[in-house]
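Taking the hints into account, I'd like the entire structure generated from these sequences.
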Amino acid sequence: MKYFTRLRVRRVYEWRGKPLSFNRKLKTYEYGSLAISVEGLPRSTVIKTGQHILIEGEDEDSPYVAKVVRLFGDESGKQKKAVVQWFVRVSEVPVSKLKLLGREPHPQEIFYYQGRSCDDEVDAGSILEPVQVKHLIGEAPFPDSGDRDTLYVKLSWDSKTFKMLDSALVESELAPAISTPPCPKASLPPSPPCSPPAVAPASRVPARRALPTPDLTIMRRAAQGEVRYNRATMSAEVESLHSATKMSASKCLSAKRRNASVRTPGVRKKLELSNPEKKSMISEDILSQLLDEELESEVMWAVGRLSASPPQDPPLTHSLTPLKKPHTAPGTFHLKPSTLVLHKVSLPDRNSPPSSASPQQGDDVMEAGLPTGSGKTPRKRNATPTRQYATRDQKATTPSRKKESETPKEPFLGVLAEVDNEKSPMLPVTVTPRSSKRKSAQLVSSRIRQQLNLLDNLQDLNSDGEDEEEFVPSKKELQSSSDDDGEEEEEEAAGLDSDEEVPFKKGRYAAAVSGTPRSKQRTRSSTTTPRKTPNKKITPGTPRTPHRAIPSIPSRSLPARQPANVLEEARTRLHVSSVPESLPCREQEFQDIYSFVESKIVDGTGGCMYISGVPGTGKTATVQEVMRCLQHAADVDEISPFHFIEINGMKMTDPHQAYVQILQKLTGQKATADHAAALLEKRFSNPAPRKETTVLLVDELDLLWTRKQNVMYNLFDWPTRRHARLVVLTIANTMDLPERIMINRVASRLGLTRMSFQPYSFKQLQQIIMSRLNKVKAFEEDALQLVSRKVAALSGDARRCLDICRRATEICEHSAADPSATGLVGMSHVMEALNEMFSSAYITAIKCASVQEQLFLRAVIAEFRRLGLEEATFQQVFVQHQALCRVEGLQPLGVSEGLAVCQRLGACRLLLLEPSRLGVLQRVRLNVSQDDVLYALKAD
Amino acid sequence: MSKRKITKTNVPVGECISQVQEMLRERLCHQRLPDRPEGVEAQHKHLLELLKRTAVHGESNSVLIVGPRGAGKTMLLRCVLRDLLEEKEAQKSLLQVHLNGLLQTDDRIALKEITRQLHLENVVEDKVFGSFAENLCFLLEALKKGDRSSSRPVLFVLDEFDLFAHHKNQTLLYNLLDISQSAQAPIAVVGITCRLDVLELLEKRVKSRFSHRQIHLLSNPTFTEYLDRVRTQLSLPDDFPDDKFALDWNASIETLCEDKSVEDVLQRHFNSSKDFRSMHMLLMLCLSRVSVAKPAIKPADLLEASRLCLADANANMLHGLSILELCLIIAMKHLNDVYEGDPFNLQMVHNEFKKFLQRKSNSMYNFEQPVILKAFEHLQQLELIRPVDSSSAKTQREYQLMRLMLDHSQIMEALQKYPQCPTDVKQWAMSAFG
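In order, the protein sequences belong to chains A and B.
Using the UniProt record's numbering, the first residue of the first sequence is number 1, and each one after it goes up by one.
Using the UniProt record's numbering, the first residue of the second sequence is number 1, and each one after it goes up by one.
If you are wondering where the hints come from, they were derived from the structure by calculation, not from laboratory data.
Some hints here could point you the wrong way.
With a cut-off of at most 25 Å between alpha-carbon atoms, the simulated SDA-like pairs for lysine to any residue come out as follows [stated by the list, open to error]:
| hint | chain 1 | residue 1 | chain 2 | residue 2 |
| --- | --- | --- | --- | --- |
| 1 | B | K52 | A | N565 |
| 2 | A | K665 | B | K417 |
| 3 | A | K665 | A | R89 |
| 4 | B | K112 | A | A900 |
| 5 | A | K938 | B | T224 |
| 6 | B | K144 | A | C629 |
| 7 | B | K417 | A | A900 |
| 8 | B | K88 | A | Q562 |
| 9 | B | K204 | A | V614 |
| 10 | A | K847 | B | P221 |
| 11 | A | K651 | B | K88 |
| 12 | A | K847 | B | E38 |
| 13 | B | K204 | A | R754 |
A short, non-exhaustive set of chain A residues, derived as facing chain B with CB atoms under 10 Å [stated by the list, open to error]:
| hint | residue |
| --- | --- |
| 14 | K27 |
| 15 | E810 |
| 16 | V895 |
| 17 | Q903 |
Heads up, the beta-carbon is just placed ideally off N, CA and C, and yes, glycines get one too.
Below you can see the structure in the form of structure tokens.
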């Protein structure tokens, strides 16, 4: 492939034709197409909305692929932007996740990106050229054509799983965006959105926001054919997608048509209006047939009201129309009743202005419904689907299954409640200014949610009290209600799984469970705040090089034996490597680091932190625990996902290798140190469309010192860049490392966020051992105290403490043969272990030395005393030695023999010697104190 | 073989002798491990259990074996490994890596050696030849991938452990010890060293990761034990082909050990050093003197061997010097006496020598200056004298300051033994002042 970037030419971007529309609020003009001409070449490329394009990325060989959703520019015409739907290449999917594909990816395969948190707005300047993307359905093989410019999309990727991609999704959703009309009423003050034109902005905004940033769960569900979609515009599509699993091509087409009609304003809409009415009538018929005597007047009332309302309430009908489809598709039939209820509930909302009065009114309606019919409605709801099942799945449905399908029925309403409540905030979004928008959106959504919850859980009679509260929807309330919804959705997902035999059974459930809360949180925020920070792509794993073989130690043929008794169990638990459930005594530090990193991740900013402490005080362990917790939080979507990288100054051969390792862990790329530094520099200083926070842990920071300190400088400078989103946690032993070894500009960038881990006190050490032992009774209380006091007095190193305890269990095991032993590790064992580890062997070594060696030591001391110095040459000592030999009545040694004796003492480091080539001239020093030597010799 | 069986009691003496020598040499050169390590039972048990836990339970450990040279550290480890590998379970799973600080002088070489010994290069063909950084990453990744229960345990034996502590940043030690303290592939790091202060060599973070287990081999045998050891080392086992010869041999060893002069010699060796390696050296020398004509070790052999062992190398070197060179040495000795060990140069030595010549007034040793310079240089080459500072290029050779590397006793001893030493030279050497 040839790209313009290769040629290093300037490209000129120009709008073609007149602006299609003007957004007065945002002051943007929308255009239908963009012309790219390369300077010096007459030819120009035209980019139209709906076209697939290549967007300049990190790698010139494989630019990002996207589909243009919208093109717009500002008044001055300087800024040209495009809203896109992203696709990811095979190389952008992390290697580890490619496994999920279950097959070899086609080199030209791309995936429809459904991941969340991607910035869909790109600068038109980054558009390279159009590209052809073909959608392949299902198991269709990849065309074996030599055309390397065509990319194929088959699956969608939501950063966790691959999903079958529906052609409807790819082809239909983006098409109408072109025809989005100018909306003169967009800037109207918040008014009841009951007039048809007001719908237009509602449908338009999602085109910009919702479509290109496909909500993870929404898209997933859409692909799975679940009715869970919650936005005004998308709902239509999703309804169509809902039945997509069984849907034929024609249905797909009609869905598309309808879809288009949703977005077309005015006249065409009117045409549609008659249609829904008819359809809802049909649905009513079917409904009444099905429900017959069980259908209570209330539902009838709702339906009746519904069918009556369309003329004055077009948006509702629009969102309703697709529901007709499910009716014909038996698999989704059971949804209908609840939908009807839903509409009943949502109707008052729509009709009332989003003022303080509106909840009141809506509530009134609710109130009216509640006492009379609410007691029965849920039961009814429960009953109808079950019956449907009974009729539909006559063969497959066993009694147990029936029951199973019956229980999750309830949540349907909750789900649809969400459909509705997500729908309703969409309306104010466009019409009201941002601040009030948020409030009203929340107000409405929370109220609706509550009402629906009420309907749902009518058994709960306390709900009446809640009704009163809902007028002041506090944030907390909102949160809790959304949580409820999340749970319900999960339940529902489970219910659906059991109901329908669909392929991705397990995967879907897991995805739904993990995905739901996040999606909601995100959608809510997306309606309130425009996303400025680029935040896309869960894992930027883009290994350009072929994945190398992963080395490993061969696995053992026989399984490792498990600990057999209490002492062995204790020993296993006390091993430094065993990961404790929690880290006691470091709660404060944990909290500080956690909040530091979390705040940086949440803010999308960067920062540095310096952590110091003597070895064995739990620095690395605490940071890793923090990261585990944060990772968990990210998994359950409390915070946005981030990338955690760990490097260790000791685990590299050269400070500059840090770049290589960071780059490799970040992207999987391999590069030389210089190249890696350049790439990282580029990565952290340029804004990228899909970026998440990177947390970098640099252990043993002092090893990264170089003369120019450029490694440290870069590490601390990157977080300060605007687009870096890098959090650097550094660990070293010395507290004043920044002052001691860093030059000013490096120390200044490191900043003053410092933390120091104090050595453990004896109480803390004791607590650590206790928590590790975790009720395994292996130690006597006093023994533990002795160990911890001893270690605390010496170093406060937890590793030492654990090692001593481990050794003590061994000693205890050896002495177990002793009948008096209690089987517990006692004082004596601990004492022995302590002695082994802390006592110096010098005195024993001197005692065990040969006669001549001892004499030599004595001669050394004698010579020292004679000279008054702590150093003498061998020759001088040897004279003394000869004299001593005569005194002791031993045969004097020869010089060679004397030297040998001296060397032996030197090898043990009882003596410190100069290199032995100096012979008799080498100088001798004692490595032990004279007192120790004399003590050892006297005791002999 | 069959022939030997038939003539079991009557093997020719020559064959017996060669068999004895083969058998005993194997023993003395540490080729064959003793059935049980003597005097270090407790240490043996400790180490065996430790390694067994690594091999069987997958528990990571680190331990140092510390003891003076010749104390049997490596022997202990080899015995433990032999006993450990007798167990099926351990034998099947345990991987071994042996490194020596004298061979793997830096981490780069050590890493390649580890990769080679672990046969990791089979996993990725060319990786072992990659750069240092790649090798390190590669190895760490390999070890990190494992976990306690599934990976095969790896035993790292670091001989001359203290030398590894001198590698840059102690990268290898840090990483090995770090792995042994984290939940990665189970490894046991066994360091062997003779330095008692080895822990002080470790950087504090490396030290913290070391488990601080030290097995000290500080045996303190008495002289009787030493003698017993000599006896058992020389005795022939019961399954020796020729019973009669074995009996004779063992009886001769008994009498040898009871001999008074032999005991004195051994006592002297024992006083000098208690380690068994020097004893084995002595016995080897004795053993090589056994022949068909003399099919037993006599006390005289031992005395001779001892004399060889204790011989002074430098004094022996003096025997090969010319008279002139010897005279120069004597002149230096006198200078040392006069100036109390201050360094001297050729000119001073030459003057001292001239004084001797003038007094004797004979021209027998009257040499030209260049000849004396040559002799002086020869002495320097033999390292009997050495320049005070190494910057020899700056000063003229005649005026370069030197020091004598010999002790007075060595010179006197050499003079006594020097063949046909002129009496005036001898007298000059004896005289207190020139």
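Status of each hint after checking the structure:
| no. | hint | verdict |
| --- | --- | --- |
| 1 | B/K52 x A/N565 | 16 Å, holds |
| 2 | A/K665 x B/K417 | 74 Å, violated |
| 3 | A/K665 x A/R89 | 19 Å, holds |
| 4 | B/K112 x A/A900 | 36 Å, violated |
| 5 | A/K938 x B/T224 | 23 Å, holds |
| 6 | B/K144 x A/C629 | 22 Å, holds |
| 7 | B/K417 x A/A900 | 23 Å, holds |
| 8 | B/K88 x A/Q562 | 17 Å, holds |
| 9 | B/K204 x A/V614 | 8 Å, holds |
| 10 | A/K847 x B/P221 | 11 Å, holds |
| 11 | A/K651 x B/K88 | 35 Å, violated |
| 12 | A/K847 x B/E38 | 19 Å, holds |
| 13 | B/K204 x A/R754 | 22 Å, holds |
| 14 | K27 | 53 Å, violated |
| 15 | E810 | 7 Å, holds |
| 16 | V895 | 5 Å, holds |
| 17 | Q903 | 9 Å, holds |
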